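Protein sequence lines correspond, in order, to chains S, E and R. Taken in order, the first sequence gives residues 1 to 321; the numbers are from my numbering. Taken in order, the second sequence gives residues 1 to 648; the numbers are from my numbering. Taken in order, the third sequence gives residues 1 to 256; the numbers are from my numbering.
Rather than coming from a laboratory, the hints here were simulated on the basis of the structure. Given the structure is predicted, the values throughout are model-derived calculations rather than measurements. Some clues are possibly wrong.
[What the hints assert, rightly or not] Per label pair, the in silico range of CB-to-CB distance: (1) E/375 to S/158: 52 to 60 Å; (2) R/150 to S/155: 53 to 61 Å; (3) R/247 to E/559: 51 to 59 Å; (4) S/190 to E/388: 25 to 33 Å.
[What the hints assert, rightly or not] In silico DSS-like links for lysine-lysine, alpha-carbon gap of 25 Å or less: (5) S/287 to E/355; (6) E/429 to R/248; (7) S/320 to R/239; (8) S/320 to R/226; (9) R/194 to E/355; (10) E/355 to S/259; (11) S/259 to R/239; (12) S/317 to R/226; (13) R/194 to E/481; (14) R/199 to S/277.
Note that CB positions come from ideal geometry on N, CA and C, so glycine has one too.
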Amino acid sequence: MSGVLVVIEQRAGKIARINWEALAAAQRLGAPATVTAVVLGAQTEGPANEIAAKASGKVLRVEHPLLAQYTADGFCLALQQLIQNESPTHVVFPHTYQVRDYAPALAARFGQVLIGDVVAITDGPVFTRQLMQGRLNGTYRHSGSGPCFVSVQAGVFLADTSAAGTATIATFTPTIEPAQIRTKPGEPFRAAAQAVDLGSAQLIVSVGRGIKAQENIPLVQELATALGAELAASRPICDAGWLPMERQVGSSGQTVAPKLYLAAGISGAIQHLVGMKGSQCIVAINKDPDAPIFEIADYGIVGDLMEVVPALTEAVKEAKQ
Amino acid sequence: MLLSLPTLAEPQHFSLAEKLLFAGLALGSAYAFWRRFGVVVGKILKSKKDASFHLFPIGKRVRDFVWEVVFQAKVIRERPAAGLAHAFVFWAFCAFALVTLNHCADALGIAFLDPAGRIGRFYFWFAAVFALACAAGILGLFVRRFFIRPKWLGEKLSWESGFIALLIFALMATYLASFFVADAEPSIKILWWLHTLALLTFLPIIPHTKHLHLLLSPITVFLSRGSFSQIPPLSGDEDFGLVAGTDLTQLVSLQAYSCVECGRCTEHCPAANTGKLLNPKEIVLGLRAYLNDLGPASDQPLLGKYNSQEAAFQCTTCGACEFQCPVGIEHVPILIGLRRGAVNTGEWEDDHGSKLFLALERGSNALGLNPAERDKFIERQKLPLFDGTQEYCLWLGCMGGYDPKGREIVADFARIMNFLGTSYGVLRKEKCTGDPVRRLGNDLLFQQLAEANLEALAQNKVKKIVTICPHCVRTIQEDWKEYGTPPEVEHHSEFLARHLAQLPPASFSPTDPRKKDGVPKVPLLGPGKEKIVFHDPCYLGRYRNVYDEPRTIAALSGELVEAPRNHNRSFCCGAGGGLSFLGEETGERVSHVRAAELVATGATTVGTACPFCNTMFRDALATTGDSAPQLLDIAQLAARRLPERDAS
Amino acid sequence: MKIIVAIKQVPDRDAQVRIDPAGKWIEESDLQYAMNEPDAYALEEALQLKEKHGGEVIVLSAGPECVGTTIREALAKGADRAIHILCDDLGARDALGVARLLAAAVKPENPDLILTGLQSEDLGLGQTGVIVAELLGLPHATLILHVEKTETGLEVKRELEEGWFQTIQLPTPAVLTMQSGGNKLRYATLMGIKRAKTKEMQQLAAANLGASVAPVVVLEQIALPKKQKSTQMLAGTAKEAAAALIEKLKFEVRVL
């Protein structure tokens, strides 16, 4: 048993940032030269070249027509054969939805358990992952014999993209029979766009009484457009008819849980807080430094929204260019 | 003096034919009466027994009966003119019991009151005074119903009411006329027969119409559950509240048949007044219609054809209906009973309601917030933790622990207790008292919350609780009793009123309205400039009978003015009964109607004593424009008298 | 359809997290427990499938005696019967060990469908369902929001990243792990709790479900995270604050 495998996830030939982070984590578990990056698919030349330009060990193209589309059965079979072949000490994955779908089963085939969603790797190696919804950290150790399966959380291992790649590329062809693939996946689709769907919005810009007048609404609308966010409001704004009722967030409106909730001119009445408390990141802009919204915000800006919001819109536009 | 007055004339002789005719008519009338009345009594008696009903203590029942029935005090107090007119009719009916008996006995030749004798003469004149008052009263009521037509009597004119008024008037008129005909035949005979016919027509009409209340409401008042808005415990494994006819108890059925359709409940109902489906009178009449059509043995659902589920869940449980009802109907337990039936069986499906229930099944507070937020507040505000040695446990409640406005109230109340040197502490962990789920009819969840809280309080050896929330007070003191012995509990207005003398006099120096050192400061407008209107929270006023304490506190800050509806007639803010968690209301918002009323008093400050009222008015007052009065809890008003906190 | 729903009892969301003296796990003495939320969604989906197509819903849970309260809650919400794997050392087993217990209990029942939550709220491993499928040799799909019965098996809606979804067809029997939010959960009712008392609850001893295997992954230590969530105030002029926020959105929140 030697070497570290890292499974790189390519989607339509594209490799997301989290994969480079997984590579960085793999390089922490074994010398960079002993790391083998694995990429699966029916056509993997492009991604393999991209990886080779950034890695120093080996790149393995696991190719098979039945791997054209992801299935847990296909990926498990292919990787099972590969791991048996390579017998690495560690197999590292990015902690993506796809990995969560098959890696536990793959590990089980080797009598192993995936150490998933790892946020730190220290000497030992000791793996840290979050417990109790992030309220605790737990440290795990692999105690059995056989390969250790690990998946890493997005954004914790800084990908070193500066190193020039020297990796060699090889191909591995697994044996897969069509009958072994039991599930039939369909093409990805987006949910049919409803008129206003705050509930499933990823980004929300929400406006409150601090906006003062209906004429100022476009100011916030522009920020929402620049961010690609949905526009929402607190109850007084909808009561006044400045925005339609279906954009109301709060106990009498909608409950939302976006990745980003940007509250502009919202003081944070309880009726509003209960509707947006589940947001992953809350940004508050308010001119009252004592506004309750700052208590639950991750980032706060004390200032007049008439000034801050346009500045932010500009900055977002710049950043997106 | 008495001797100079005319004497009541009575026919002296009845032929056998007349006697037989009278007997026949009387029997017919009695039969027609019983045919209906017997059915009603049967339906009531066949209803389920009230398992938790106790006749004792009987003293209060007798007092209430004398006050409400004999003196008609409630009827007169709430609607003086119509009430007095009604009281005259009622008292005349009482006085007439003996007269009528003698009248009938006369036909059979066994009259026992001699109009010429001392007793008879006195009694007939005594009754005549009432007859006169009754005739005037019924005339007044007739004019009111058919010409003034108050809207809560319903849009449709009730012809039966007119006919009844005519009969009563005829009864009185024929009686009074009998004083002026001497013993001259045939006029006295004609009057006697007219009186008799009116009487025998009236009798069978009683059980067929809302005039059934004549017979039932005295019993209903006497057999009330004992206290305001008392929710009876469920009994046995198959009791889930009011699901079907088989769940209607004798008290509920008696109340359903007692309704006189006066519309007082509707007149005062916040839902009915803001364009919602709920009309408490119709709820009671719906139950009556159910009993009439299907009876108490039916397993057809109560909600559906006869009453609407939507309406049942529009009740804020403010209790104005029950408080006003002159015939002893207990609307709140009925409405909550219907909700229990719908929730305990899972029939009620409501996104907001489910969310509230799930939040409390899985967490500690009705708002579904992380309790770490409460911990942070306790830490920041430096509130001491309760360790068993302090006098009071300061119960934060969901609003006090999580709502930014509620927290300001708690902070100011804590400052006052610190100033007074009162020892207190807050519990490290607190669960919702269960008020919203209790009122929404979720008995399973309420039991879990009550038991968990009772256990935590016992473990912490809490003896006395003080809290800023009247809903918590009510639930702890009354509703928890079903599952244990709660500690003593009082509302902060009661505590503050008791300690007011120990606070320094108000200083009217202009202060910075902004917050300083985390303590919210509220501008004082100066002596004579601040007009304060106090809004009575339902759960403090009608539920707890506390009206003066918060006013005493408010009065020290400025001039007290009253909204048109105040004290026990106070109009709800719209939050009670779990409704603040149920999303947008249909029709007008209750809070807006009340806020407009408060603003119209010209007050510069709206004083509240309930964090739910506070949060409702916060939004509602904002819509009244820039000149909106400031909104303060009485704890915040009282805290303005404390010395400024040092900047250090 | 015969459906088995595997549920887990977890500390309730508002539980105060205190670490036990050994630093191995949290103090359990003052904890209150609830049904793992994604499992509650799995149960809801199962109940809705049963309401639509008929059949039987069996809840399955492993853990000590106190797990009974959560099982009864599931019965109260409408499950027909329950299997309780009595096991006092659940924490000492890794995901594979727990999945072995569950698979051994499922096997004799021969269900058409096995549902469970995507992950637990306490350990958050998100693996148990997938491993059960592997051990039973059944096809599986994860992050499922909705299940539709078809003539040949199942059609399920799977959540992908960034607002994308996918439909997957798979034969039965199969294992699905359910994502939260696909349905509206029903609340527990008094009637349900009373009716649940008469439902069958079968208890199986863990020891009878195969020999215990030493865990391959061990939780050694737990600790409170160093940084508690606090508000970062971004100072400066409007422009400076905006620029600072963009940095955060780019590199910490990663939404730009």
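Quick one: which hint numbers does this structure break? Sort them smallest to largest. 1, 2, 4, 5, 6, 8, 12 and 14
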